[in-house]
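Trainee: Single-letter residue listing:
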Amino acid sequence: MRDEGRAETVLTVSRLRIAFATQNASAGPPAPAVDDVSFALGRGRVLALVGESGSGKSATAMSILGLLPPSAEVSGSVRLEEEELLTASAARWRRVRGGRIGTIFQEPMSAFTPAYRIGWQIAEAIRAHHPRMSRADVRARTRELLGSVGLRDPDRVGRSFPHELSGGQLQRAMIAMAISCEPVALIADEPTTALDVTVQAGILELLRSLRATRGTAILLITHDMGVVADLADDVVVMRQGAVVETGPVDRIFAAPEADYTRELLASVPRLSTLRTAPVVPRAEAVVDADGLAAEVRDAVIAYGGRGLRGGVTAVSGVSFRIPRGRTFGLVGESGSGKSTLGRAFAGLLPLRAGTIEVDGIDLATASGSSMRAMRRSLGYVFQDPASSINPRSLVGDAITEPLRLHTRQSAGERRARAAELLDAVRLPAATIDRFPHELSGGQRQRVAIARAIALRPTLLIADEPTSALDVSVQARVLELLAELQRELGFACLFISHDLAVVKELADEVAVMRLGEIVEQGASETVLSAPEHDYTRRLLAAAPVADPAAQHERRRQWLALGAEAPETAA
Amino acid sequence: MTATTAREDVAVPARKTGFRTLVGNLARDPWAVAAATTIVVFVLAAILADAITAITGVDPYTYNQHLLDGRGQPIGWGGGISATHWFGVEPLTGRDLFAIVVYGARTSLFIGISATLLAVLIGTVVGITSGYFGGWYDRITSRAVDVMFGFPTLVFLIALMAIIPADLPRPPFIALVIGVFGWPGISRIVRGQTLALRERNFVVASKAMGARSWRIVLGQVLPNVGATIVVVASVIIPGMIAAEAALSFLGVGVTPPTPSWGRTIGEAILWVRTSPMYLIFPGAALFLITLAFNVFGDSLRDALDPRTARR
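So the sequence lines, in the order shown, correspond to chains F and S. Each residue of the first sequence is one higher than the last, beginning at 1 in the working numbering. Each residue of the second sequence is one higher than the last, beginning at 1001 in the working numbering.
Please note that the accuracy of each hint is not assured.
Per the computed footprint, the stretches of chain F lying under chain S, defined by three or more beta-carbons under 8 Å from a beta-carbon of chain S, are [unchecked claim]:
1) 345 to 352
2) 385 to 393
Each pair of labels, with its calculated beta carbon distance range [said to hold, decoys possible]:
3) S:Ile-1163 - F:Ser-370: 55 to 61 Å
4) F:Arg-297 - S:Tyr-1137: 54 to 60 Å
5) F:Asp-433 - S:Arg-1139: 41 to 47 Å
6) F:Ser-209 - S:Glu-1199: 37 to 43 Å
7) S:Pro-1172 - F:Ala-115: 50 to 56 Å
8) F:Arg-408 - S:Ile-1163: 18 to 24 Å
9) F:Gly-368 - S:Pro-1172: 41 to 47 Å
10) F:Pro-391 - S:Arg-1139: 28 to 34 Å
11) S:Glu-1199 - F:Glu-84: 45 to 51 Å
12) S:Leu-1022 - F:Glu-483: 37 to 43 Å
13) F:Ser-370 - S:Leu-1022: 42 to 48 Å
14) F:Ser-209 - S:Gly-1024: 54 to 60 Å
15) S:Tyr-1137 - F:Ala-364: 41 to 47 Å
Since the hints were made in silico from the structure, they are not lab data. Computed from a predicted structure; not experimentally measured. Glycine is no exception: its CB is placed at the ideal position from the N, C-alpha and C atoms.
From just these sequences and the hints, can you work out the full model?
Mentor: Right, here's the structure in full:
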């Protein structure tokens, strides 16, 4: 923090303490959500607040905007250009919000009012702070702003409703709104978490140019160490409400002082350095039919429409095989059809053409009973553990649901098996009588995994199993999956948008785009020496948790043409 | 890694959910406690009507002409309130009003609760199946619900009650008719919830595990709409009680001499100037139980909503 002396300080937070009052009076004084947090943000600098969920980083940001719920008790000091904000009047604070401090939210899709056009919403933000500005001036300013955030056709975007734009376009429009009144500071709360990597790279590039051209100070809140490495100048690492470590980005990554920072960095899955030169692909090992856990041939899946035509084709002409005991990674951005394909493997979606065979059973022609037999040999782990377990059933019952469906075991036997399974996924035995909402996200995902392996499946489909989890929890869940696979020998179809995660786990990988596989092969080959342009762009766009290496990747990404992402749908 | 290991493996939080928490939450809400007490008192009075009226030796059928003056008015203060006749007596006949109100509770609660159960049963079955299975079945049932909503129920009920054979036992028949006309609202609510639940991952997960449809409906969907059903049921009971009272008030409900709040209120309207207490006691009973069920239903909804309960 000391080295910020060279830049003029814009925002100072010192000894900030936030506690949320609880209704439960017997619990004593509430534990602070944020405890004694101090940092300073200089003009033209990017300060990253890093931490996992529950670390208090968002509460800190909201306190700067005065947007905490009334139940929060805030003490300490937040100074914007030497003016104390915590004691400011409501009117003053209204002028600060949007006027002096702009905000970019995590979910651009839900941050705009669906009922108004984008241009109108940005104009409203301008009028709120400049009520006397003429209509023509406001319109010109809106247009200029939309143009300045790298949107190709600002007029069209301004006329559009939020649902007509892509996530990347919306986030750019959101940034245009945030800078509409020339704020001195921008608060970006997980600005790219909801976006695909290629879009994320573009948004980060835009934030970087804003800082350079306008000298805006940016307070970046994120859990993604790759984003930090890409954009930040200084880093504040938070954990459970307290600051663990503060320092310039290079020092934090190169020589972290706190154990927690080291741990956090160690948990981040890594991509190897990118080689852009194509290499000759190895001949694929031929697998005989007995060694196959699953195979898909020329699968076509479409939503909507009737009969054999019409509707939206989500997957077209996809073929690959998964050998027993191996992990097959399916990578792609949102809308690439990877989850659709996963569901088709579980027989949840009908195929329009082609075949899928799981454990020797053809799903397209399977009868009801052989479909049930197939499902016996299939485990499914969903992205969001919160919604994949029935909130009204106890963990023990949830885990043994497959046993109830496919075996005639007694309640006692099932309970014994549940205890075994909990032990296998490293959960305490007491979990058996808990409801899902009493567990943390990581614990819930372990429960979901326990349920998926209850019948010792041949094939486990893991659909983004860790993308809703914190990075250290993610590392441990992935470790668990790999361990279980070694023990039980199931094949795994691992669906993810995170290339680094796939690289750690998968033996083979297929890259999907717009319903088609663009590249397929051994994961080592595909993810370090990709042949296809799209794979290369995808890899270059994924940020890595190392500022120097990330600098190099960014250069490569820009060199790849970086086809302006907001033009893609 | 050690620190996170410790954090993830710390014992899961102590059990704080289920029925006991629900009761605890309700007990902290004074309105819920008052409403529940009122409901319990009324239900007990209805069940123990014989024992209660035996205390003073009254019944709702015996005429007591000696308690009336020459014009058929009860003698004494407040419509003839005395140690024997706690609520006074009926004008013109001298029947004990307390016994009438207590036995009336039996009629009202029996009809109200059984009609509700019937409506909830039909509504849940139709709603959950049409929401889960969809397709042509859903289209047909949804149109049926629309028709039921547009139907002039009260007029139809009055006409129906006028033509049914006199030897049919009235209270069960009334419960049946009110219940059969009361389910569309529940069906719509349950269908909406089922539609949302059907897309949830745990339902998809169950399907992927090979569960049959009926098992998913009973094991995954029903427990999750259960809370809503309980709340809706407690909110529509007063409506059902009022429907019976309305029918009896209009003279097509429970036949005399079976005591019924609705009919007693209907008759008391004629005497309101001379014997106001005749109207006030059964009216207050109807008002209290209706209010109690409504308030309790509201509190139940708050207590069952995880967003308010967990705070």
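Trainee: Using the C-beta atoms of F:Ser-209 and S:Glu-1199, is the stated range 37 to 43 Å upheld?
Mentor: Holds: the Cβ-Cβ distance is about 41 Å, inside 37 to 43 Å.
Trainee: Are 3 or more residues of the stretch 345 to 352 of chain F near chain S, judged by a Cβ distance of less than 8 Å?
Mentor: n = 3 at 8 Å, threshold three: holds.
Trainee: Within 54 to 60 Å or not, the Cβ separation of F:Arg-297 and S:Tyr-1137?
Mentor: violated (35 Å)
Trainee: Is the hinted range of 54 to 60 Å satisfied by the C-beta distance from F:Ser-209 to S:Gly-1024?
Mentor: holds (56 Å)
Trainee: Range hint 45 to 51 Å: satisfied by the CB atoms of S:Glu-1199 and F:Glu-84?
Mentor: Because 48 Å falls inside the window, the suggested range holds.
Trainee: May I ask you to test the hint 18 to 24 Å on the CB atoms belonging to F:Arg-408 and S:Ile-1163?
Mentor: violated (55 Å)
Trainee: Could you tell me whether the CB distance from F:Pro-391 to S:Arg-1139 stays inside 28 to 34 Å?
Mentor: Cβ of F:Pro-391 to Cβ of S:Arg-1139: about 30 Å, so the range 28 to 34 Å holds.
Trainee: If you check the beta carbons of F:Asp-433 and S:Arg-1139, does the distance land in 41 to 47 Å?
Mentor: With a Cβ separation near 43 Å, F:Asp-433 and S:Arg-1139 satisfy 41 to 47 Å, so the hint holds.
Trainee: S:Ile-1163 and F:Ser-370, beta-carbon distance inside 55 to 61 Å?
Mentor: holds (57 Å)
Trainee: Cβ-Cβ distance between F:Ser-370 and S:Leu-1022: within 42 to 48 Å?
Mentor: holds (44 Å)
Trainee: Is the distance from the Cβ of F:Gly-368 to the Cβ of S:Pro-1172 consistent with 41 to 47 Å?
Mentor: holds (43 Å)
Trainee: Between S:Leu-1022 and F:Glu-483, does the beta-carbon spacing fit 37 to 43 Å?
Mentor: holds (40 Å)
Of the hints listed earlier, those the structure fails to meet are numbers 4, 8 and 15, in rising order.
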